[in-house]
Structures are given as structure tokens and as C-alpha cells.
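Chain by chain, the residues:
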Amino acid sequence: MTLDILMAALVSGIVNGGLYALLGIAIVLIFSTTGVANFAQGELATFGAFAMFMIVLPVGLSLVVAWMSTVVLLGILGAVVYFIVIRPRPEADHLNLAVRTLGLSGLLHSIDVLKWGPNEPYRFPSLFGSGSLSFGTVVLSHDQLGTLAVAVAMAVLFFAFFNHTRPGLAMRAVAMNREVAALQGVDVQRTNVMVWVVATAISATVGLLVAPISFLDTGLMQPYLLKAFTAAIIGGMYSFPGVVAGGLILGIAEALATAAASIHVREPLAFAVLLLVLLLRPAGLFASSRLQRRV
Amino acid sequence: MGDVPFGSQEAGHTSPRSRVLLTVLVLVLVAPLFATGYMRYVATLWMIYAIAAVGLQIPIGLAAIYSFGHSAFMLVGAYAMALAIMLGGWPVPIAMLAALVLAALVGALLALPSLRLSGFALAIVTMGASSLFFQSVKVFKLTGGPQGLFLPEFAFVKAMDGRAFYAICAGLMMLGLMVSHCVESGRIGRVLRASAANPLMAQSFGVHLMRVRTLAFVISAVYGSIAGSLLGLSTSYIAPEAYAPDLSIQVFAAVMIGGMARAWGPVLGALFIVLIPELTQSVQNLGAIVYALIFIAVSTVYPGGLQQMISGLRARLGKRVP
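From first to last, the protein sequence lines are chains A and B.
Each residue of the first sequence is one higher than the one before, counting from 1 in our numbering.
Each residue of the second sequence is one higher than the one before, counting from 1 in our numbering.
It should be emphasised that the hints constitute simulated quantities derived from the structure, not laboratory data.
It is possible that part of the hints are untrue.
Restraint-style ranges between C-beta atoms, simulated for each label pair [unchecked claim]:
hint, chain 1, residue 1, chain 2, residue 2, range
1, A, L61, B, G37, 42 to 48 angstroms
2, A, V59, B, V30, 56 to 62 angstroms
3, B, S236, A, D187, 57 to 63 angstroms
4, B, R314, A, Q184, 58 to 64 angstroms
5, A, T137, B, P146, 42 to 48 angstroms
6, A, N177, B, N285, 56 to 62 angstroms
7, B, N285, A, V138, 44 to 50 angstroms
8, A, I55, B, N285, 17 to 23 angstroms
9, A, I55, B, Q203, 54 to 60 angstroms
Restricting the straight-line Cα-Cα distance to at most 20 angstroms, the calculated cross-link-like pairs of lysine to any residue (SDA-like) are [claimed, not checked]:
hint, chain 1, residue 1, chain 2, residue 2
10, B, K138, A, A261
11, B, K138, A, P268
12, B, K141, B, M86
13, B, K138, A, S62
14, B, K141, A, S262
15, B, K141, B, A244
Over 12 angstroms on every C-beta distance to chain A, these chain B residues come out as not near it, computed from the model [said to hold, decoys possible]:
hint, residue
16, G89
17, L105
18, R163
19, G189
20, A194
21, T235
22, Q250
23, T300
We put the beta carbon where it would ideally sit given N, CA and C, even for glycine.
When you get a sec, could you build the whole thing from the sequences and use the hints?
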């Protein structure tokens, strides 16, 4: 394996890993605050990509504006989902809530298939053009660089929001202890809605980033969902730095293995990485001792 | 199910109630023998999914182990049986038994991480395992690659317009239900429930957690393997896609939709996931949407599953006829 193949594999691994991490952030956000393992996160992203391509773009907006408005639209959809699917019957346990998101995932997928399935796959317009930059022998496409840049920007934006704004701090409080947060005057209900809005907007971003790289079809995010869950578990399910590290480890390991051996090693390797991490640190890489008790 | 169990229930004693239930069950199981061929085919599928779901209820309902690895067991059941038949020329029952042993081994392997992981992490690990099995059979030539395996035609599957095969599936389902009832009400069930309620306390009372959880996985793997073998036989063609991780999610949904409070919950859930897509098939792609909507409605309105719905109905009927 020569150096430039190695570098190319590394870059594509980082790009993929960043996307796993971003989707994983959305999963961890919802899981830690509302206790829902959201299996619909992937289909929400796919739906976002279709919504932009089929509904927002034909209106005649420019690409950047269409991008932004799709993310906002999906955020609103997240709130709707929360009110219709998650909020009724609050006495239900976590398992039942996870099953509801399974149903939601099925619903979004079948809507995609019904409306847009017959003509798939579609070529999705890229924000970043089709050129490439070369650094010495390493060639990076604009798509890769742009995807990485947007993913990093999105993650930074999210961390700033989560750590330094009032709604973000409210989310952290609810994640730590719902009852105490409510006693301190945090509106738990409103915070939950915010969580769904933010997480769905993040997953829409992932969908819009993945669609130009692979063609847009109804199974767009299916390979990503399990990887994002895996990244979240590697990171300890409650930790945001953890899920980012988990996603990057997973993405890089997969890309290196694919370059070194064959594409067939990818799945077993991802599974092996998960098992190895859980063997060494059962509560995840970044589990603090305080949260460990809760897991 | 018919109207019988709802009206005559207010006594609440177990013995007459279970007798009525048993009668209804037998009637429902016998009915497909006299139905059209298509309906019998659907009923056969129902029985197969019910076997899988009854088996999955043991780790989920008793031990609170959320396993998404059921499609792996079903895959092993189908593929191992097919390979034993095609390569070894083994008779079908022996091949099914061999597949069952192999699936039990896989189940024991999957149980290994169950002590160290929290419920959710274990769910994702088991889902990863079923994805791994699915990807693997698509790679190797031995397992037919992406095309899958074609089984030879067996006379007994098509015999008497499918009646014989339906009877076999229904018989196995009843057997499975009885075994699961024994497991649930016996020592194993008690130990499993104790380990779910409080693992530490269960251990201090002398429960060997590892052994018990392994047992739960192995039992569910046996059910999964039998269901997988039957599913392969019913179509006489084993496509890898039929055993994708989606199948785990479907069977899991059957258990949850049916409700876990009673042993027959998964049977009802299996009926839901088999029948509703078949009923809505006439409107083609719209059917999937209708199915998903009903799915969301049931799981949102009745967190306890169809069982909760039925007991709610019964309570209302009971009030009207005091």
C-alpha cells in the first residue's frame, strides 16, 4: 500500500466517519434527554434529502437557500413527530418509544418509496462543485472537503449551542436529571421539543451531505444508521465527544481495511471494532464515572 | 379472533377462561385447513412468524434482554438446513435438527457479551451480529452469494394443497407455545424474571447470571432456527434479503405489538405483521404506508400492545353487561 493510497483512504475514512459522528450526535442527543432510541433517525435524513430535491428545489430557490430551508423544514417536522408520535401516553416505557420510532421509520420509508421510488436513483446536486484540489500526490475532491467542512461546522455549532446557550444548557440539565431540572425551573416539555427539532435538523444535514456522494435513493441512509448507533455505543451513549471519536474511529478503520484488503472486510471490521471497544471499556470510551452508574 | 372470549369473561377465574381461550385457539388454527389456498399460505406464514416471535419473547419478556439478533438465528436455520440437504443429502428433519444445534451455538456466542453490556448496547451488538451474518452469506460462494440457495422441491410442502405443511407449522407453533409456557411458569422463568428485576439480588440468591442469560439466548435461537428453516421450506428458495436485519426488527415488532403480558401476545403480533401487509397489498405501495400508520397508531395508543387493546375492549363490554 503506497502512501497516497493510504492518504486517500484516510481522507475518505475521515469524511465517512464525520458523517457517522454527526448522525450519532443526533442519536445521542435524543437518547440522553428523552430516553428514546430513535431508529427513525436515518429515514428522517433520507426524507430530508428527498424533500430538498423534490419539494424545495423545484420552487426555484438557489442551492444554498434550498439547503438552509430544508434543514429548517426538517426541524419543524421533528417537532411534529415529537407531538404526534412521542408525546402521547407519557407513561410508556423506553422500549415502547423505540418501537414507535421503528414505525415512524417504516412510514417515512414507504412514503419515499411511493412518491419517489419508481425513478430512483437520482443525481443530487452538490453544493461544492465537481472539481478537486491536489496536495502533492494526494487529490481531494471538492465534495470531500466541503462535506468535511460542513460536518465540522455543524458539530462546532452544535457544541457551542449545547454548552453556551440557555436552551442548550436546559437540554444538558434534562439529560442529567429530568426531575431536578424541572424543579430548577427548566420547562422539560419545551426542552424535549427543542431536542427533536435540533436532532432532526442535524440528521437532515447528514442526508443532504450524503446524497451528492452516493446517488439519492430510498435506501440512502440504511448503511449509516447502524454505523451511527455503533459510534454512539463506542462513545458511551451519553457522551458527545465520545460519539465523535467513535464515528471517526469507525470510519477510518473501515476505509483502511477496505484499501488494504477488500470491501467485504468492512462489515466484519466495524463489528470487531465495536466488540473490541466494549470488551475493553463496557460502558464506552468516554463514559464518566458519574454517568456510568446510570447506563 | 372470534367474539367468544370477550363476552363471557367477567368471572375472571383462570380455568373457564383458559378453556374458552383454548377453544378459540384450536378453532382459529383448524380454520385454515378449510380455507382457500392463498389464505392457507398466509396462515402458514403467520405460524412461522409466530414461532419466531414466541421464541423472541423469552429473552425480551422474561429476561429484559433486547435482542435484535433473531434474524441471525433464522438465517442459520435456513442456510444450514439447505446446505445439509444439498451437500450432505440429509433428510429434512435431520437437517433441521443440525441447523438447530448450530443456531443454539450462535445463540450461546451472542450471549457472551450480555453480562457486560447495558440493554441498549446489547441491542446494537445483536443487531450488528445479524447484519454481519447477512453480509457474510452474500459474500461466500458456498452460501450462494447474493443469489441465495435454491432448495430441491419437497413433495410434503405442496401436498394436499399445502394443508400438510400448514399442519406441520401449526403443530410446531403449538408445541413452541407449550414449551414457552413451561419455561415461563417453571424454574427457568422465575430465575429469568429475577435476573431482569434485579441482577445483583438474583445473584445473591444463587442465580448464575451468565448461565441463565445464555439459556435465554439458546432457547430463543432454537425457536428462530426452526422458524427460519420452515420459512426456507415454504418458499423453497432462500434469498439473503429475506433474512436481512429487517427481519429481526419485524419479529421484534411482532413481540412488542402483540404485547408481552401473556404468552399468546406474540402470536397475535405475528398475525398483525403478516396479515396487515397482505390485506393492504391490493393498493400496492400505499399499503406499506397504511401498515406503518396502523403500526404507529397501535404502538402509540396501546403501549401494552394488542393485548391491552383487547383487555380494554373487554373491560368496556363487561361494564355494559354487569
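Checked hints:
Between L61/A and G37/B, the C-beta spacing of about 54 angstroms breaks the proposed range 42 to 48 angstroms. Separation of V59/A from V30/B is about 59 angstroms and conforms to the stated range, judged on CB atoms against 56 to 62 angstroms. A beta carbon spacing of about 59 angstroms between S236/B and D187/A agrees with the range 57 to 63 angstroms that was offered as a hint. For the pair R314/B and Q184/A, the beta carbons lie near 44 angstroms from each other, so the given range of 58 to 64 angstroms is not met.
For T137/A paired with P146/B, a C-beta distance near 36 angstroms fails the hint of 42 to 48 angstroms. At roughly 45 angstroms, the beta carbons of N177/A and N285/B sit outside the given window of 56 to 62 angstroms. Checked against the hint of 44 to 50 angstroms, the pair N285/B and V138/A passes, with Cβ atoms roughly 45 angstroms apart. The hinted range of 17 to 23 angstroms is satisfied by I55/A and N285/B, whose Cβ atoms lie roughly 19 angstroms apart.
For the pair I55/A and Q203/B, the beta carbons lie near 56 angstroms from each other, so the given range of 54 to 60 angstroms is met. Restraint check for K138/B and A261/A: satisfied, since their Cα atoms lie roughly 17 angstroms apart, inside the 20 angstroms limit. A C-alpha spacing of about 13 angstroms is found between K138/B and P268/A, which places the hinted pair at or below 20 angstroms, so the restraint holds. In summary, the hint linking K141/B to M86/B is supported, as the alpha carbons are separated by about 14 angstroms, within the 20 angstroms threshold.
The hinted pair formed by K138/B and S62/A fails the criterion: a straight-line CA distance of about 42 angstroms is larger than 20 angstroms. With a C-alpha separation of about 16 angstroms, the suggested pair K141/B and S262/A falls inside the 20 angstroms cut-off, and the hint holds. Annotation: proposed proximity of K141/B to A244/B holds, straight-line Cα distance about 18 angstroms (limit 20 angstroms). The claim that G89/B lies off the interface holds: its Cβ sits roughly 30 angstroms from the closest Cβ of chain A, which is beyond the 12 angstroms cut-off.
Once the 12 angstroms rule is applied to beta carbons, L105/B is consistent with being away from chain A; the minimum gap is 17 angstroms. With a closest Cβ-Cβ approach of about 33 angstroms to chain A, R163/B is found to remain outside the 12 angstroms limit, as its non-interface label requires. Distance check for G189/B against chain A: the nearest CB is about 19 angstroms away, which clears 12 angstroms, and the non-interface claim stands. Non-interface call for A194/B relative to chain A: holds, since the shortest CB-CB distance, roughly 19 angstroms, exceeds 12 angstroms.
The claim that T235/B is not at the interface with chain A holds, since no C-beta of that chain comes within 12 angstroms of its own (minimum 23 angstroms). Distance to chain A contradicts Q250/B as a non-interface residue, since its nearest Cβ pair spans about 9 angstroms, not more than 12 angstroms. For T300/B, the requirement that its beta carbon stay farther than 12 angstroms from each beta carbon of chain A is not met, with the minimum near 5 angstroms.
Consistency with the previously given hints fails for numbers 1, 4, 5, 6, 13, 22 and 23, ordered from lowest to highest.
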